[in-house]
Amino acid sequence: MTTTLESPTTNMSAGQSAPRTAERERTRRAKKNRDRNLSVTLGLVLTFVVVMSLSPFVWAFLTAVKPFQAAFTNPPTWVFEPQFDAFVELWRGTQFASVLGNTFLVAVLTVIVALCVGAPAAYAFARYAGVIGPILLILAVVLRTIPRFAIVLPFYEASQMLGIYDTNFALVAALVAVNMPFTLLLLIGFFRDIPKELDEAAMIDGCSHFGAFRRVIIPLMGPGLVTAGVFTLLVAFQEYLVALTLTQNSAVTIPVFIAAQKGADDVSTYQTLAAASILLVIPVVFIAIFARKYLVAGLGGGAVKG
Amino acid sequence: MKLKHFVAFSAPALLLMLGLLMIPLITTLVWSFQNVPVGQPGVFNGLANYAEIFSSPRFGAATQFTIGFTIVVTLAKIICGYGIALMLNRIKRGRMIILGLLMASYVVPTVIGALNFSWLFNDIFGGVVNQGLALIGLNINWLTEVGPARVLIGLHALWHETPFVIMVLLAGLATLPEEPLEAAQLDGANWWQRQRYVVVPLLGPLFSFVLLISIMDSLKVFDSIRIITPAATSLGTESLMAFVYQVALGESYRLGIASAVNVLTIILTVVLLIPFLRMTWKEARSA
Amino acid sequence: MSRFTAPQSTPRTRRNLRTVLALGTATAALALTACGAGSDMGGVGVACDIPMPESNTTVNVLSYNSPSTDPFTNAVASGCTTGTLTVNAPATDFAGQNQRATQSMSGTSPSYDLIEVYGTVYPLYAEHGWIDSLDDQIAANGDALGLDDVDPVLMEQLQYEGEQFGIPTFWGTIIFVYRQDIFDDLGLDVPTTYAEMIAAAEAITAETGMVDPLALPFNSAGDISTAYNQALGSLGGNWFADGEATPTIDTPESIAALDTLRSTYLAMNEQSTSWSSPEVITQLQTGQAAMSMLFAGRVSALLDADQTDLFADFGFAVPPSVIAGGTPSTSLSVDGFSIASNTEVDKDLMFELLGVATGADAAAEAAGATIPARNTQAQAADLPFEPAARAVLESERPNGLPHLPYMSDVYAGMAPILTQVVNGTISSTEGAAQLQAAAVTAIAAAGYTP
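Chains as they are written, first to last, in UniProt numbering: chain A, 1 to 306; chain B, 1 to 287; chain C, 1 to 450.
One chain only, chain A, in its complex shape (with noise of 0.2 angstroms):
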């Protein structure tokens, strides 16, 4: 591509005529209005959509924090005394606490044995050049997509005749076997980027395979097993129909507990159910916002061929 465009300092040092400068000087100056009315016009616009987007979590706040005669009113009550005791009720009239560390004792297990399976494998699918590698990446995706009731219920069934039906093992089992297509995917992305020089600069300095993975490859995977980890972490957070089907009662988690809850019939369990959802915003959000840079990556990256 020819270029003409020249940049200010060449037009200086090329010795331009004041009066041309002074004029490039408005144009630029116009358009940097224009930059700035047209940016300050998008922040409006965008704030909109933020408020918009957060507005189902800012009612259900009010909700939970209403007095029960104010929460229900239609048209809704707008002036009222903030109280708490949804959030008391809760901690205390509910299993919220003790469901709310198993989801994470859930989460944690996930990640790890799925971190611990899928890295050796994701980086053996990246380096491979044979023909086996292609096919399971497609079955990985293929995989990933399926429904996970084809999955799901005959893990049921099995479960139950196991005995191990209604455990976190059998949970966090079909969690990491549900998931694990997708954490291929999204850490092939990641190896592919690592020069495989390094692997044979390893193995030369005396390293086995194995020996180059541990201990050149997988420190400089840390952003791409944090992606990961962050994925996999959310999804075991996250997933209902799993643990709907393969959890009844010392294994539940914190969807299928707010679920259990919505259908509980019983008015005041509303505003507790506001409340609960109020808790776990927040966190999440705070994630979100925190691990940003972890999951555009992974979304972008990763799974991403382009």
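What the hints contain is simulated information worked out from the structure, not anything from laboratory work.
Errors might be hidden in some of the hints.
Facing chain C, according to a computed beta carbon distance under 8 angstroms, are these residues of chain B, among others [what the hints assert, rightly or not]:
{"no.": "1", "residue": "144"}
{"no.": "2", "residue": "179"}
{"no.": "3", "residue": "215"}
{"no.": "4", "residue": "231"}
{"no.": "5", "residue": "233"}
{"no.": "6", "residue": "234"}
{"no.": "7", "residue": "236"}
{"no.": "8", "residue": "249"}
{"no.": "9", "residue": "252"}
{"no.": "10", "residue": "253"}
Over 12 angstroms on every C-beta distance to chain B, these chain A residues come out as not near it, computed from the model [to be verified]:
{"no.": "11", "residue": "23"}
{"no.": "12", "residue": "26"}
{"no.": "13", "residue": "88"}
{"no.": "14", "residue": "105"}
{"no.": "15", "residue": "229"}
{"no.": "16", "residue": "249"}
{"no.": "17", "residue": "250"}
Ideal Cβ positions, reconstructed from N, Cα and C, are used throughout, including at glycine.
On the provided structure of chain A, position chains B and C as indicated by the hints.
Same frame as chain A, but now just chains B and C:
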């Protein structure tokens, strides 16, 4: 890498996928030809399950709804997501904080998000949206009429999943090479032409990626339906997966029928995915 | 373009940090409400005088959450968690109750030992051998339970083929709930027919401006089926031919019942097909509605001064009949506990726990919210809605659902058809034909023949 090493590194994951994904899938396939009452072994009954499904208007309705939902929601998500990504890319300040806040509806567990979202449309919870619509003379029964209920499920999907599209496309916009755009500008291309002929083609792989994810997620829609419209059968919002749930665990325990629906859904999904699979195959071979 | 690097944001990190801090503070503030988590589950006033197992034992109770069931569940969960014994009662919604029960009891690795049962499900459980017959245990150890305090009519509701499979905890019939103050102001009488009920609604709208005075739970996910049972019973119709697995819901009575549902729906808000009891109760509590028909066990929220300013204004009566001369439009529901047959816990211990869960102390705790099956506690509580419910119970036809193992299958497929009739998509005649066909299919699919 040698085959020996390939096997050593990938064996645990392959065994895990074989045991915990392939075997259940094969079980599903076998069950689809059996009558499987709960807690009892299945009995082969040939194509009876498929015959029953194809003669069931409920399955037809669920298929139609799922496909229609997938098409409409995917298009809407991509248009809205690209528009917002373009706007985000133009503003100078606060981009990251806006993106972070927009992500909230995506990362919150669907069950919770759907619950909070539906409350806005529920008069029992004050019905703020309905209050707003009443100002312009509209009265919509979101939770009791077929049309509005479908729109509501679609709106939820849009609210829940558009941030993902925004995030991916914004990441793409941020790394666009400068030269082609500048060249187009110098050639006198207006904004629309630059988008049409430069930006969108450059982001092509990302568009097909979000398309792929959106199709996959939409065909599997379940959580939001179970929360927002529990009476999905009556409201025309029963998706294939909601249908499977009702057949397998909700109303009856007919695992055979449910498995047959699963098999059909897999076939449908794979057919829709063939273009993407070919693309992935080519890239993987050339990599 | 194989990878994108995340847009960098170093200058804005500080602002992000501030947001993160703000969110962190908010979370911490809300988390402070967690002090003493799980310490207030109720049931502490219940004595659990049972012989403790020698080794550590965990017992799981499956019981859907509702103000009526919770006191009994909590009685055994909190009351008996002591020493070597731990009793858990995880949260379950009504829709999930049957799913979980079936999953747990049909397999070999039970998740639950003590199961809440009610009209549509226990015959199925008994028929499959999923719950134990209690006759031997009652004969051997039953005296301590004081079962003679439970109304025999209620005991009978949890029998299957002559054997006792559950012990009742509470019961309820559908009663008429109305705003006594408004009725008095306008000089209205408690309606005795649906026509009078709809006329009263029109009068209230005309006089007070209340838009939707009549609010019935017509939820198309389930309540609509109860409404149908009410109308069918009141009109003298029956679900099945006597002693046969042949449905009779395409009869003139059934068509008339469907007509009734449609005309009642037209007198209500269009959104009523999304209402279950909680939605109706909030409308009564906030003064948006003035009349309803609800299960007696659910109306105690209307008498709670913490929940509504109108707590002193509600009246309770026998519900109207569909047409003059019919029986009241009602439905009887009896809940109780059963012992899961596949439990790994010692059956004697289970029977002891069953005794606590259905015992006098639990009944006393529950009596504020619902009508316990035990007469002594029911009368001692002096509930304002109890006389109306009892009058219905002792009437000619309290109209419980038939005790048949395929009833839950028949019931499950009905709601979508009923909804179509109610919103005018299909006629009552067409609806009755579809109900009949759906019932025949459901019975066959469940493995029963006429």
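The hints, checked one at a time:
no.: 1; hint: 144; in the structure: holds (5 angstroms)
no.: 2; hint: 179; in the structure: violated (15 angstroms)
no.: 3; hint: 215; in the structure: violated (21 angstroms)
no.: 4; hint: 231; in the structure: holds (4 angstroms)
no.: 5; hint: 233; in the structure: holds (4 angstroms)
no.: 6; hint: 234; in the structure: holds (4 angstroms)
no.: 7; hint: 236; in the structure: violated (10 angstroms)
no.: 8; hint: 249; in the structure: holds (5 angstroms)
no.: 9; hint: 252; in the structure: holds (6 angstroms)
no.: 10; hint: 253; in the structure: holds (6 angstroms)
no.: 11; hint: 23; in the structure: holds (19 angstroms)
no.: 12; hint: 26; in the structure: holds (20 angstroms)
no.: 13; hint: 88; in the structure: holds (20 angstroms)
no.: 14; hint: 105; in the structure: holds (16 angstroms)
no.: 15; hint: 229; in the structure: holds (14 angstroms)
no.: 16; hint: 249; in the structure: holds (16 angstroms)
no.: 17; hint: 250; in the structure: holds (19 angstroms)
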